[in-house]
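Fit chain B to the given chain A structure using the hints.
Going down the list, the sequences are from chains A and B. When you read off a place in the first sequence, starting at 1, and then add 17, the result is the number in our numbering. When you read off a place in the second sequence, starting at 1, and then add 17, the result is the number in our numbering.
Please keep in mind that the hints were generated in silico from the structure rather than gathered at the bench. Hints are not guaranteed to be accurate.
One copy or any two copies: either way a pair holds, since identical chains are not told apart in the list.
Heads up, simulated DSS-like pairs for lysine-lysine below, C-alpha to C-alpha not over 25 Å straight-line [what the hints assert, rightly or not]:
id	residue 1	residue 2
1	Lys-475	Lys-66
2	Lys-282	Lys-417
3	Lys-38	Lys-149
4	Lys-360	Lys-388
5	Lys-66	Lys-149
6	Lys-475	Lys-47
7	Lys-149	Lys-388
8	Lys-428	Lys-388
9	Lys-406	Lys-395
10	Lys-428	Lys-66
11	Lys-70	Lys-38
12	Lys-360	Lys-214
13	Lys-406	Lys-70
14	Lys-406	Lys-149
15	Lys-214	Lys-357
16	Lys-38	Lys-360
17	Lys-388	Lys-282
Predicted, not measured: the structure shown is a model, and the values here were computed from it.
2 protein chains.
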Amino acid sequence: MIVLDETATTSLYMQIYGQVKGQILSGRIKEGSRLPSIRSLSVSLGVSKNTVKVAYHQLCSEGYLVNLARRGFFSQRIDQELFVNLNEKNPVKAPVGKARGEVAKPPEQVIRYDFQYGNLNPHDFPMGIWRKIANQVLFPFNSRSMASYPERKGERGLRTEIMKYLHMSRGVTCRREQVVVCSGTRFSLGLICQMLKEEFGSIAMEDPGYDGARDVFVNCGFPVLPVGLSGEGLDLAELIQCNVRLLYITPSHQFPTGSVMPIRKRLELLEWAGRNDAILIEDDYDSELRYGGRPIPSIQSIDGRGRVIYLGTFSKSLSPALRVSYMVLPESLLERYYEKFRKYVTGGPWLEQKILASFMADGHWERHLRKVCLANRKRHDALIRSVAKIMAGRVTIHGKNAGLHVLLEFKDGSFEGERLRQAEERGVRVYPVSHYWIRRERYPGNMVMMGFSSLTEKEIEEGVRLLGDAWFGR
Amino acid sequence: MIVLDETATTSLYMQIYGQVKGQILSGRIKEGSRLPSIRSLSVSLGVSKNTVKVAYHQLCSEGYLVNLARRGFFSQRIDQELFVNLNEKNPVKAPVGKARGEVAKPPEQVIRYDFQYGNLNPHDFPMGIWRKIANQVLFPFNSRSMASYPERKGERGLRTEIMKYLHMSRGVTCRREQVVVCSGTRFSLGLICQMLKEEFGSIAMEDPGYDGARDVFVNCGFPVLPVGLSGEGLDLAELIQCNVRLLYITPSHQFPTGSVMPIRKRLELLEWAGRNDAILIEDDYDSELRYGGRPIPSIQSIDGRGRVIYLGTFSKSLSPALRVSYMVLPESLLERYYEKFRKYVTGGPWLEQKILASFMADGHWERHLRKVCLANRKRHDALIRSVAKIMAGRVTIHGKNAGLHVLLEFKDGSFEGERLRQAEERGVRVYPVSHYWIRRERYPGNMVMMGFSSLTEKEIEEGVRLLGDAWFGR
Numbered sequence: 018m019i020v021l022d023e024t025a026t027t028s029l030y031m032q033i034y035g036q037v038k039g040q041i042l043s044g045r046i047k048e049g050s051r052l053p054s055i056r057s058l059s060v061s062l063g064v065s066k067n068t069v070k071v072a073y074h075q076l077c078s079e080g081y082l083v084n085l086a087r088r089g090f091f092s093q094r095i096d097q098e099l100f101v102n103l104n105e106k107n108p109v110k111a112p113v114g115k116a117r118g119e120v121a122k123p124p125e126q127v128i129r130y131d132f133q134y135g136n137l138n139p140h141d142f143p144m145g146i147w148r149k150i151a152n153q154v155l156f157p158f159n160s161r162s163m164a165s166y167p168e169r170k171g172e173r174g175l176r177t178e179i180m181k182y183l184h185m186s187r188g189v190t191c192r193r194e195q196v197v198v199c200s201g202t203r204f205s206l207g208l209i210c211q212m213l214k215e216e217f218g219s220i221a222m223e224d225p226g227y228d229g230a231r232d233v234f235v236n237c238g239f240p241v242l243p244v245g246l247s248g249e250g251l252d253l254a255e256l257i258q259c260n261v262r263l264l265y266i267t268p269s270h271q272f273p274t275g276s277v278m279p280i281r282k283r284l285e286l287l288e289w290a291g292r293n294d295a296i297l298i299e300d301d302y303d304s305e306l307r308y309g310g311r312p313i314p315s316i317q318s319i320d321g322r323g324r325v326i327y328l329g330t331f332s333k334s335l336s337p338a339l340r341v342s343y344m345v346l347p348e349s350l351l352e353r354y355y356e357k358f359r360k361y362v363t364g365g366p367w368l369e370q371k372i373l374a375s376f377m378a379d380g381h382w383e384r385h386l387r388k389v390c391l392a393n394r395k396r397h398d399a400l401i402r403s404v405a406k407i408m409a410g411r412v413t414i415h416g417k418n419a420g421l422h423v424l425l426e427f428k429d430g431s432f433e434g435e436r437l438r439q440a441e442e443r444g445v446r447v448y449p450v451s452h453y454w455i456r457r458e459r460y461p462g463n464m465v466m467m468g469f470s471s472l473t474e475k476e477i478e479e480g481v482r483l484l485g486d487a488w489f490g491r
Numbered sequence: 018m019i020v021l022d023e024t025a026t027t028s029l030y031m032q033i034y035g036q037v038k039g040q041i042l043s044g045r046i047k048e049g050s051r052l053p054s055i056r057s058l059s060v061s062l063g064v065s066k067n068t069v070k071v072a073y074h075q076l077c078s079e080g081y082l083v084n085l086a087r088r089g090f091f092s093q094r095i096d097q098e099l100f101v102n103l104n105e106k107n108p109v110k111a112p113v114g115k116a117r118g119e120v121a122k123p124p125e126q127v128i129r130y131d132f133q134y135g136n137l138n139p140h141d142f143p144m145g146i147w148r149k150i151a152n153q154v155l156f157p158f159n160s161r162s163m164a165s166y167p168e169r170k171g172e173r174g175l176r177t178e179i180m181k182y183l184h185m186s187r188g189v190t191c192r193r194e195q196v197v198v199c200s201g202t203r204f205s206l207g208l209i210c211q212m213l214k215e216e217f218g219s220i221a222m223e224d225p226g227y228d229g230a231r232d233v234f235v236n237c238g239f240p241v242l243p244v245g246l247s248g249e250g251l252d253l254a255e256l257i258q259c260n261v262r263l264l265y266i267t268p269s270h271q272f273p274t275g276s277v278m279p280i281r282k283r284l285e286l287l288e289w290a291g292r293n294d295a296i297l298i299e300d301d302y303d304s305e306l307r308y309g310g311r312p313i314p315s316i317q318s319i320d321g322r323g324r325v326i327y328l329g330t331f332s333k334s335l336s337p338a339l340r341v342s343y344m345v346l347p348e349s350l351l352e353r354y355y356e357k358f359r360k361y362v363t364g365g366p367w368l369e370q371k372i373l374a375s376f377m378a379d380g381h382w383e384r385h386l387r388k389v390c391l392a393n394r395k396r397h398d399a400l401i402r403s404v405a406k407i408m409a410g411r412v413t414i415h416g417k418n419a420g421l422h423v424l425l426e427f428k429d430g431s432f433e434g435e436r437l438r439q440a441e442e443r444g445v446r447v448y449p450v451s452h453y454w455i456r457r458e459r460y461p462g463n464m465v466m467m468g469f470s471s472l473t474e475k476e477i478e479e480g481v482r483l484l485g486d487a488w489f490g491r
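Excised from the complex, chain A in its bound form:
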């Protein structure tokens, strides 16, 4: 029995979807039951066939229903594993030692506030505009594009938009030809490794630093040299001692500590590169998201000698599901790029690139950036405010005023593992940072990471209150 509320703000298909799903989960619709046909339900509810169809389709794709040809829609057995995976889309560990068919053990504590870093807030994605552009694009006049290989380094239109955007926002100067669209930063880094492996025997990176980049370097056979941090990012003195000519770095929001490298140090770094005939890989992964102070120009923008490979991504500001990253190669490396990757198609599917290019060209990107910057600034401010209020004097916050995460450092030196456990007991998840250190022994052990992009301000405040109870509680 489905009851629709025409006056509700929830759309009709969402009401149908929600009620059928609820009845399957509660057992009121039994496993294997045949549901009313699209036509008959649309007649009995007085809605269009398409409304029912969209709801059924969604239920099918989520596994609640199955559509059997010429027989109709049937409710499905709800697999416990499916549930766990809906909540944790990218489980860090593959389930080990679990026999097939065995039901996963339910977690002991339901996590109500997950301060994860990576996934974004669903409300921030411009679904309506995306749908509209997809609709304008998926027409027969574009069949040739769907039947052909995309442009190798990425669609011309998208590369133009990226070039224009980077110039305006980050001072990056380049020709369109220098822009290479890739399916994620790991992919970009993999190409860079293959391109530079012969000439550069090893690579240096910040310690602590982005473990994803380190994985790629190691997988590509690069010895990785850790360089510690001083107050404002990379410790230049330590770098100079390394016998290395290739450096991966996150100067504008050091990952994970969030420090910002000042202009003086950027110039020193470029000077070091010049002296040593070195290449800098500048990963500007969340440069769109600044909440305070003036942005510092990218190293690429102050480099006059082609020593910088600039990396960026749409994963933090628009959608990690797009899998669109890009690199800007210096002119001096273009020839080497073509030599190795002349025939590689790096840019991912044509449709995604085409929609994104239109999204940018039509001015939606600029508006979207303003919107997500504001939304994330509010989340950021709520987090900082709550932590300051509830944990005053007990923690130091690192990496404020940018990006989608901060680090909390416990002044009493308490250990990360214990703090994570205490948080989970209250239904709050915060994250470890130890794996970002290459030389684990240097990690003082007293930090946790908190991402804020997927929560509301209210959830953030409530989560921090529970953390206060858990850690310093009554």
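Same frame as chain A, now just chain B:
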């Protein structure tokens, strides 16, 4: 002046698009002219605003118009370079030594019949269904998916469909967990190389063989050992002499010669792999397209000992613009895969995967395969028939009855370069094969490659007629 024909089979937006484009190209609409606004043109033509909008939008994205904020639509300078690139989307050589702004030299001969291999026929792509599924998917209930990282090895639903399809059509036996969705075969091979580099010092491949695979092996630092072909694919005797434990192979339609490895040889190969503790990389790149005889089961399907990595792609049968390939790893390599790539997101954008999974689950894939198989069989038959009729006794055709290309071998030993040039003079393009040989000295020099996937039967017949004139002509 635009005149619409309501009775035409061409849609109204296509008529507007075509006429505006024609007038810009002919110069009747001068560079920089302001076009009527969407509203005024829709009123004067008596069509909906959306019809005009779609047409204008397409003209903008192709560069004929530019949309200036608050000023309207203006015609653009038509760049000669743009034209060349429209016709040759993936130029093999980057234009060298061309000053910026300089107009590219027009080709001396217009190519009317291009027997290229790679791009497909635009009419074969199921645009309508794709659009419909995209519309069902791009709804707010999927915002969470658009705001999150996709499943690391590819969306669960898509991997399930691929697993089911491979089992039915190619006898591939695997669990869903063994299927890894990737953004193209080069990408899959890159991961394989990183995974196996340490244990396997070198890799063997067919000579001649797929140059794209060879590029990846070389770029990943693998010494590549060439193994010649005997009548039915790989020369086993030569393989045995190589001191190698890793082999890349295209057994079901050897690339580029098109030979099919018989079951006896497949079993011998597996026996070799067992004896030498070797891994076979089986690239089944166009297995969907068979026009005669029974398909031979994949090597993966007759391998009981987990010695085969199976590769496939949607580029030949559905769309190279999707950038969806997949690999099926043996159970024995899964642990090593997770060790290296636990956090890699390999499967490309969520939207593409979601549409493709629905396309397969809803039965469209099966219908599509029947359709493209028939369409390509007709093209194949037209090519074989025409060549037999016009070049009887002068050429041998290699690689019939499958895939999207054949090789022609000139019995008189004439050289490929000369033959390509003669063809171009008549406005027909056929392709060299010399670069598929690792040991170029073994290539007899007397072959050309002809792809047939992007032409109509009529074009194929006419093209072959012109080739006959060019090569053996009057």
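Comparing the hints with the structure gives:
1. Lys-475 <-> Lys-66: Classified as neither; 38 Å inside a copy, 43 Å across copies.
2. Lys-282 <-> Lys-417: within (20 Å within a copy, 64 Å between copies)
3. Lys-38 <-> Lys-149: For Lys-38 and Lys-149, only the inter-copy Cα distance (24 Å) is at most 25 Å; the intra-copy one is 28 Å.
4. Lys-360 <-> Lys-388: Neither. Shortest intra-copy (38 Å) and inter-copy (29 Å) distances fail the 25 Å Cα cut-off.
5. Lys-66 <-> Lys-149: both (21 Å within a copy, 15 Å between copies)
6. Lys-475 <-> Lys-47: For Lys-475 and Lys-47, neither the intra-copy (37 Å) nor the inter-copy (57 Å) Cα distance is at most 25 Å.
7. Lys-149 <-> Lys-388: So Lys-149 and Lys-388 pass the 25 Å test inside one copy only (19 Å; across, 30 Å).
8. Lys-428 <-> Lys-388: Answer is neither: 35 Å inside a copy and 68 Å across each miss the 25 Å cutoff.
9. Lys-406 <-> Lys-395: The answer is within: 16 Å in one copy meets 25 Å, while 74 Å across copies does not.
10. Lys-428 <-> Lys-66: neither (61 Å within a copy, 63 Å between copies)
11. Lys-70 <-> Lys-38: Only inside one copy: Lys-70 and Lys-38 sit 14 Å apart there, 39 Å across copies, limit 25 Å.
12. Lys-360 <-> Lys-214: both (19 Å within a copy, 22 Å between copies)
13. Lys-406 <-> Lys-70: This pair counts as neither: shortest intra-copy Cα distance 49 Å, inter-copy 53 Å.
14. Lys-406 <-> Lys-149: Classified as neither; 44 Å inside a copy, 51 Å across copies.
15. Lys-214 <-> Lys-357: Both: 12 Å inside a chain and 19 Å across chains, each within 25 Å.
16. Lys-38 <-> Lys-360: Cα proximity of Lys-38 and Lys-360: none, with 47 Å in one copy and 31 Å across.
17. Lys-388 <-> Lys-282: neither (32 Å within a copy, 62 Å between copies)
Of the numbered hints stated above, those contradicted by the structure are hints 1, 4, 6, 8, 10, 13, 14, 16, 17, listed in ascending order.
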